[in-house]
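Each protein sequence line maps, in turn, to chains A and B.
Counting in the numbering used here, the first sequence runs from 57 upward without gaps.
Counting in the numbering used here, the second sequence runs from 57 upward without gaps.
Because the hints were derived from the structure by calculation, they are not lab data.
Since the model is a prediction, treat every value here as computed from it, not as a measurement.
It cannot be assumed that every hint is accurate.
Same chains, same names: a pair is fine if it fits in one copy or spans any two.
[Said to hold, decoys possible] Straight-line distance between alpha carbons at most 35 Å, and here's what the computed DSBU-like set of lysine-lysine pairs gives:
1. Lys-119 with Lys-260
2. Lys-76 with Lys-119
3. Lys-178 with Lys-260
4. Lys-243 with Lys-119
5. Lys-178 with Lys-119
6. Lys-178 with Lys-243
7. Lys-178 with Lys-76
8. Lys-260 with Lys-243
9. Lys-76 with Lys-243
Next come the chains, spelled out residue by residue.
2 protein chains.
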Amino acid sequence: MRDFSQDHDWLSINTATVRKSRGQELPLTEIIEACARRGIRAISPWRDQVAAAGLGTISRLVKAHGLALSGYCRGGMFPATDAAGLQAARDDNRRAVDEAAELGAPCLVLVVGALPGALQGKPAHKDLAFARTQVRDGIAELLEYARQANMPLAIEPLHPMYAADRACINTMEQALDVCDELDPSRKGDLGVAVDVYHVWWDPKLRAQIERAGRERLLAFHVCDWLTPTTDLLNDRGMMGDGVIDIPRIRGWVEAQGFAGYSEVEIFSTGNWWQRDAGDTLAACIERHRSAV
Amino acid sequence: MRDFSQDHDWLSINTATVRKSRGQELPLTEIIEACARRGIRAISPWRDQVAAAGLGTISRLVKAHGLALSGYCRGGMFPATDAAGLQAARDDNRRAVDEAAELGAPCLVLVVGALPGALQGKPAHKDLAFARTQVRDGIAELLEYARQANMPLAIEPLHPMYAADRACINTMEQALDVCDELDPSRKGDLGVAVDVYHVWWDPKLRAQIERAGRERLLAFHVCDWLTPTTDLLNDRGMMGDGVIDIPRIRGWVEAQGFAGYSEVEIFSTGNWWQRDAGDTLAACIERHRSAV
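All chains, please: the whole structure from these sequences, using the hints.
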């Protein structure tokens, strides 16, 4: 297991972590500059932030600073109620692949979606099994396109509390079942993004990380689970402030040969997004050394 | 599958559902009277409510109304940081078994506990695997006592969002692994309480219900998952108001031979606990017929 205590060479910042500074939106260009100033070597940007700044601008800025990407957030949201919706998801996911390639991302992270309309509080139906079928089909279709673009797809199993509205792939085992079905040759085209926040509770986590193996472990995300957690989405903790034994999980992932970045992804309306982004980045660096 | 549309013979009210009426605590004696007046044939009371009214009082009142119990809430909370804590949990669980027997409950529901102190916001450690070992040992020990008292133990797998602070058994598969280890003869001494709120998201749910079989399906709890859900604990929905396909899950459970009560358990600070308990009970009856 790598020693992170002396530097932050393997720290990546998911830009959502500092998308707000003192409660105000922070443009991606400023986030990139702030990371580069602190010797942070990698980021994982979100599509909406990239779109707001312009893909070409961000691509040039990333390259100018010699920044790596640890992933690109995000594709997915496959389920729909009709053919037009499925086609729109298909087209949008292909654009996401193209953007990820333009930015030099090592993978496109997939938050696969769930019951259509649920995220807007108006679920169109309750058939989770059908949504899962649409997700499987959507990934299968996108995989062909992504292979042409040499862009690996990383299925991110989301915590079961998001099964209705954000992602109906909710365990590593379920994600790997999809991988095994669609990519039996294990060439690294299709794998998983392991976010400790989503999977830390799973009694089968270690076994499934071992099942994934190096070829399928495409990204590793960290933050912490607070007790109490006051919001289902935006109350994630800084590493070390919660109950997740992050070093143990990182050990399991690295035992499989994963040697990539440890990406900090924190959504925190009440705490970190209220602080100055510089302070938040300093905390990420410190906790990366002491608690990851 | 039984037809619930014409009556509410198989409705049970978990008394937490109406523990508050118009925001005020409602004594268990009044809850029992209100249920009996509406022809509700079964309840599942909570220990703290029983203790407040007196075990003898509640036992007599339940018998006087000819009420059945669908379970008793609850034992568990096994993990501790020291021998004294383990002993206290052991003693308290034995008292819970005795109370359940006195009340004529068909099973004692176990919310098994998790990281000691986490529920109070001060987790003593992060070793979830160790907590799970303590839970397994605690159930094993209690099972001997419960067998003497002819009181089946129903492990309730709780949603993974409670893994830190309430229960570190978080899937049916995990609960049934414990059952298989501790009760290989499947005599009905040890089983599971299936609460749709906790397990609806699980892609292995149907298979695990089939694995459980009639001997291990000791209780069936219903409510609904709202989109959005605004609180991790106390924002459960009335059946039909959320995204859980309850009839489908009930069908799976009944296909195994389960023929017991469908127990409504709703914690709802912002909605149902603000209403009059009589209105809430009326809604339970109506939705039991139309949405369960």
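Against the structure, the hints:
| no. | hint | result |
| --- | --- | --- |
| 1 | Lys-119 with Lys-260 | neither (39 Å within a copy, 45 Å between copies) |
| 2 | Lys-76 with Lys-119 | within (24 Å within a copy, 60 Å between copies) |
| 3 | Lys-178 with Lys-260 | both (33 Å within a copy, 26 Å between copies) |
| 4 | Lys-243 with Lys-119 | within (28 Å within a copy, 66 Å between copies) |
| 5 | Lys-178 with Lys-119 | neither (42 Å within a copy, 44 Å between copies) |
| 6 | Lys-178 with Lys-243 | neither (39 Å within a copy, 44 Å between copies) |
| 7 | Lys-178 with Lys-76 | both (28 Å within a copy, 29 Å between copies) |
| 8 | Lys-260 with Lys-243 | both (24 Å within a copy, 27 Å between copies) |
| 9 | Lys-76 with Lys-243 | neither (38 Å within a copy, 57 Å between copies) |
Checked against the numbered hints above, the structure violates hints 1, 5, 6, 9; every other hint is satisfied.
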